[in-house]
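Those sequence lines, one after another, are chains B and R.
Start counting at 1 in the first sequence, then tack on 60, and there's your number in this note's numbering.
Start counting at 1 in the second sequence, then tack on 838, and there's your number in this note's numbering.
Honestly, the hints are just simulated from the structure, not real lab data.
Accuracy of the hints is not assured; some may be wrong.
[Stated by the list, open to error] Far from chain R by the CB rule (all over 12 Å, computed), these chain B residues:
hint	residue
1	GLY125
2	ASP146
3	GLY191
4	ASN242
5	HIS288
6	PRO291
7	ASP317
8	PHE337
[To be verified] Subject to a maximum C-alpha distance of 20 Å in a straight line, what follows is the list of computed SDA-like cross-link-like pairs (lysine to any residue):
hint	chain 1	residue 1	chain 2	residue 2
9	R	LYS1113	B	GLN370
10	B	LYS377	R	PRO1093
11	R	LYS1091	B	SER385
12	R	LYS1091	B	PRO214
13	R	LYS986	R	VAL1033
14	R	LYS1113	B	THR390
15	R	LYS1113	B	GLY368
16	R	LYS1113	B	MET366
17	R	LYS1091	B	SER375
18	B	LYS378	R	PRO1093
19	B	LYS68	R	THR1277
20	B	LYS378	R	GLN1116
21	R	LYS1230	R	PHE1265
22	R	LYS1113	B	LEU383
Every residue, glycine too, gets a C-beta built ideally from N, C-alpha and C.
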Amino acid sequence: MVSITSKKDWTSDQEVRWCPGCGDYGILLAVQMLMPELGVAPENTVFVSGIGCSSRFPYYMNTYGMHSIHGRAPAIATGVAVARPDLDVWVITGDGDALSIGGNHLIHALRRNVNLTILLFNNQIYGLTKGQYSPTSEPGKVTKSTPMGSIDHPFNPLAVALGAEASFVARTHDLDRKHMMNVFRAAHAHRGASFVEILQNCNVFNDGAFDGVLARGAREEMMIDLQHGQPIRFGAEGHSGVVMGSDGQLRIVKVADVGVEALLVHDAHRDDPGLAFSLARLSHDNHSPTPFGIFRDVDRGDYGHMVGAQLAEASEKKGPGDLTSLLRSTGTWQVQ
Amino acid sequence: MSSREPEQISHVVVRFAGDSGDGMQLTGDRFTSASALFGNDLSTFPDFPAEIRAPAGTVNGVSSFQVHISDHDITTPGDVPDVLVAMNPAALKADLHRLDQHGLLIVNSDSFEERDLHKAGYATNPLLDDSLSQYRVVEIPMTSLTQKATEPLGVKSRDSERSKNFFALGVISWLYSRPIEPTIKWVESRFKDLVRDSNLAAFRAGYNFGETSELFDHPYQVKPAPLPAGEYTNISGNVALAWGLVAAGQLAKLPIFLGSYPITPASDILHELSKHKQFGVRTVQAEDEIAAAGMALGAAFAGHIGVTTTSGPGVSLKGETLSLAVSLELPFLLVDIQRGGPSTGLPTKTEAADLNIAMYGRHAEAPLPIVAAYSPGHCFDAAIEAVRIALKYRTPVILLSDGYLANGSEPWLLPDVASLPDISVSFATETNHTAADGTAEFWPYLRDPETLARPWAIPGTPGLMHRVGGIEKEDGTGNISYEPANHSAMVHLRAAKIAGIANDIPLATIVGDEDADLCLLGWGSTWAAIDAAVQITRRQGLKVAWIHLTHLNPMPRNLGDLLHTFKHILVPELNMGQLCRIVRAEFLVDAKPVTKVQGLPFTAAELEAAIKGVLAGE
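The shape of chain R in the complex, shown without the other chains:
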């Protein structure tokens, strides 16, 4: 049978859904990789349960991966899937409500037996009644077809089950005209022997099934997107952040020291950095979150770039170390990959509700800079920027990312390594003060008049031995001081040092219509949905402005003036309005929050509605 000509479409959103053990994350990831190599713009949204293996076949155990591929510039994984691949009834039940009302539903009909239906909580088989009539339903007996395809290799029927995700991947790869070589190469490099052969056979069988069966009229094709010229890779936020840290070490010419304790969704940064020891990166999996922070601070004292990575509960535990770092005035980076909370909350779901703890979550007056990444690729730049500030100002910095950025991916234009900023700083090597009797001394708290940073004299430097500690220090000498006026001066100096960083960060810029009545003010991963909503509403003729913050403390020094030029300010946040309250307090503007705390990112449609609501005077 001859191949049918693919129909060109501009974009498609595919959601793979199955049991936690069905390999849906891998399937989605492979489809994404092939699409990236094909040249599409894309954005992904892995959505999986916290349980490693929830009871098989239940709705609680459903693991999904949504990917949006496009022939034009996109930022979100798509509000509404056009295609849902449901490997079992539980997946259908969990995700059907997301599917476009006329969407394509591909199901593994082999897994709709009585027992499967019962586990998923279906009283009747939805494939047999008319409950799915609004969708284009394609039933494929994936389990038995995979079995048949792998049988000649000598694969036992039970083992062939594990390859059925590759069958599904094959079908979708044909349907969207994906190149098959990248997937074949990947399988060959990743698996061995019978498992490799079984997966390849299933993949090819699925691909051929798409082509030869009459279930689909024709395949589709999403052409490459006209992205800016250059070399691209597909990158997730956590990998980008880890690479950003490696880069920061190279740019600062200092070793990276990571102290970390495993926690979802931050652990992948520990895993990634552990692989790059040839860059002089030291990683220690500490006994707890507190030790992880302590080790990083000890390494900073010794002259390394001390980093600790965590998520919400870990931030609470590291608070005391952050306060010491504020007092010691040493470079230190805490990376917080935010997740739903409080407490254990929703470990695998996203939320951005740690802005308050980052701003205020320490005892006493302990201000520190906060940087927030806004896209998976931006995690790379944000990591370098956070390290730059920490080194230059000898201060702890909090870098905020979230579960959505951490696990989501996008094509990323590789930076020209030669053009990355030099963020190196100098260690103190000589005494800096002369005592009344003419003795040359080292004063560890004698500040640079411009940055207010103190000298960083590391162990091993002759003549500069000094002691630091959490007790209040006399400005200049660094000696213990309980003097009232000195303490007041030190509190003010520490605050002024952080506030002064505003002169060393980019001004806020307005995207969209400067003369609009409405300005959206965003931070972090809401960038994608805001970008999409601003594009949609402006195409509809509405005037909308948008400011996105990557520096949350201090904020750009022109932000207050900019905000005052707008009649309405909307602050979309995946929390209960944390930034909104800060800007209201800081700038006396009537900002209004748009909040979402479902463990999910905003959809563009939600923000489009919010924008229209304000402009319609609701």
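For reference, chain B alone in the conformation it holds in the complex:
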């Protein structure tokens, strides 16, 4: 049954308390506008978050929700999704939450392919604790905890997800609601773990971090729009593209130099995550051409359903559980 809902049905009565101008507002709006289109019911939807600015998200959704423990949302959401495969379970997390304190839970939820839609708000900074560098901050970043600049090598969130062989991996950004909604729609439709990195601006502690790619004037030359089955090209009139060199390295080239036939054709359904991994690593900073869209979307069994299938198989083979038989199962004797 398809529920007919409107954005209002998905909006809670709680006042939204992010800083004015925060990128989170745009993401919330995109999700609230998307939900009525998905034909699902608010009561069958659960948002689970960890700790951090983005993790306040569930309070603003008129669904079931849990604002849990720093880093633990993927584990807690795994419990929800495995117990109840009938539910739509979303995880809202940030770069510190998912990739620092909760890194282990994230990779294992992806590896197991639990049916979760994971939205990672990446603003490359700790906002809630007021401005320390995060595991995705660029080297050299000066923050309250790195007065001489960060010497940490950052994580590339998509590369981490693909390293864990996540079955759905995508990137979008907080300035383009339509793109977000398209990516979220595909992520929701995917069975298993979907991982979406959202480049999100923190206008208080890391303002303009992604301007090099996302500023109005930069987008055409810096954003690579991945489309399954299409040659990977970008720039005004598609003047640039991506090729794979004989050394296996992906390179950006002028299409005029190599011809369209030489361009790499994007295949999101490739079983091997290697090419998606290379694409994820095409850009190492916020000042070079960066792919957006769906990097990988492959089918493999979702964990909650596989757990359920084993339960059904056990019941079929052994019959429904009978407590008296269980208590007698290792041999008994009678005392008169």
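Use these hints to put chain R onto chain B, whose structure you have.
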């Protein structure tokens, strides 16, 4: 040669000791099973090293299994073995000091070669000097006899080594007149082909060797114990606990969800529950202890009985999840199979030193109920009781067991399934509040006035969508609130909810002499040794009282009054006096601790001495 008539004895304590690879746990387990089926009362104590395979032949690698079988009601695996079966010099060295001073020592004489003696650290062969003269020593060349017995089957001599434990089992089975059919059936069901035939041949050869050799005058027999009538099974604490959880799911009509990470000595609960999927039991082996707890809590939010099982180090890691569960007021069960600590400590040895972390081991004011099992069979009831409290009061509960209960076993009178309690609760299905403008609302923190429990509204329920979180909530609405007065009210409400459970648990009862000067106050697995010590001292004419707690938080509401009626209170604990300090603080009584932290349970003799010490005015 005709069989000699068995001599009747009331009880015997047998200790099987050998190398970790010698199969002593299996041997002990089989002897136990045959004895259980024969109708004896019994209690077991597996005692093995943490290393999977310590260097063969060394004292560090010795694995032992002690079993006490009896024709009367017993609770302990026995203080002092009457019989020690030592498969090699290392086993002899490790366990000889435990043997009764006139006990029977059966050794595998084939393994007392120069090299074996050296590995065990013997300068001279103890079988050849007079160091064993106080014992009745029976030397049997078990390795070569097993070889001979299996040779006709085509078993290579090196492979026959693996069957020598069955030879030993055969000898002891004859010596104590055990029925051999259960063992034969078990071997046939467990092994295949040549291994099965080899084990059976060794077992029969050992049995016949006992009968035909002149090494023993006659066999012994321990008659069945006059246990209460009914159907029995032999059960270990971890299996009983797992079955208790399965039962709790049935009694609550809710699925069990176990999130667990492997840890000794709790892993067997994960293994056992994983086998019972036909009961709707979901088990997930999580990536770590934290995730295991988190998954269980997520499942609880979704309407399952969320359980996580662990031991000491895992309890530390799950503390943050417990605190969230306190704040979310959701049913949640943490099972802690205690072991020696701190840190890795003694993973395979017992201790009961996690009472403090269970009581206090969370940040801020985060009280929760604690239930403790006292015997292997009681683990079943304790699991149901812990789930009952968690469901009814929407609270995390800690269930304490320990390595001794987990691996020890006893005959267990099967409960009548129909008489087990109904522990089901209702999910919220409707709104529970009307706003000023007449709108029907759902308030997730509107409490039941009697239990103070909040409604449990699970995802999938239309109209009851709500958000919960670790941030302080306004009482009633559950909305985020930083109001000082509200926080104070919530801290007090959470505490009052847990304290109120005292009205919903049995009163403490006194075993023994109510007019005694001395009362023993126990909890957990010390039950067995206290029971034995109280019986012994009372038979000697001493007046002794005993109270055993299964609910440690809250405690029975009459406990303070009862304790105040005694002049002396002794609290035996496998820790440094944790319960003792709690009751001193709680009830202002002059309780004294009796402590033991050797990774071993109390012996009855130790507690007998403690009792006599107090009564003699020491």
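So is ASP317 (chain B) really clear of chain R, every C-beta pair being over 12 Å apart?
-> 47 Å, holds
Taking only the CA atoms, is the gap from LYS1113 (chain R) to LEU383 (chain B) under or equal to 20 Å?
-> At roughly 13 Å apart (the allowed maximum being 20 Å), LEU383 (chain B) and LYS1113 (chain R) satisfy the hint.
Please work out if LYS1113 (chain R) and GLY368 (chain B) have their alpha carbons no farther apart than 20 Å.
-> 14 Å, holds
Assess, step by step, whether the Cα of LYS1091 (chain R) is no farther than 20 Å from the Cα of SER385 (chain B), and give holds or violated.
-> 18 Å, holds
Can we trust that PRO291 (chain B) is non-interface, i.e. its beta-carbon lies farther than 12 Å from all of chain R?
-> 39 Å, holds
Given the hinted pair LYS377 (chain B) and PRO1093 (chain R), is their alpha-carbon gap at most 20 Å?
-> 19 Å, holds
Taking only the CA atoms, is the gap from LYS378 (chain B) to GLN1116 (chain R) under or equal to 20 Å?
-> 7 Å, holds
Should the label of ASP146 (chain B) as a non-interface residue stand, given a Cβ cut-off of 12 Å to chain R?
-> Contrary to the label, ASP146 (chain B) does not stay out of reach of chain R, its closest Cβ about 7 Å off (not over 12 Å).
LYS1113 (chain R) and GLN370 (chain B): Cα distance at most 20 Å?
-> Distance ~11 Å between LYS1113 (chain R) and GLN370 (chain B) Cα, so the pair holds.
For the pair supplied as a hint, LYS1230 (chain R) and PHE1265 (chain R), is the alpha-carbon distance within the 20 Å limit?
-> 11 Å, holds
Pair hint LYS1113 (chain R) and THR390 (chain B), alpha-carbon separation not exceeding 20 Å | 13 Å, holds
Compare the distance between the alpha carbons of LYS1091 (chain R) and SER375 (chain B) with 20 Å, and conclude whether the hinted pair is satisfied.
-> 16 Å, holds
Against the hints set out earlier in the document, violations occur for numbers 1, 2, 12.
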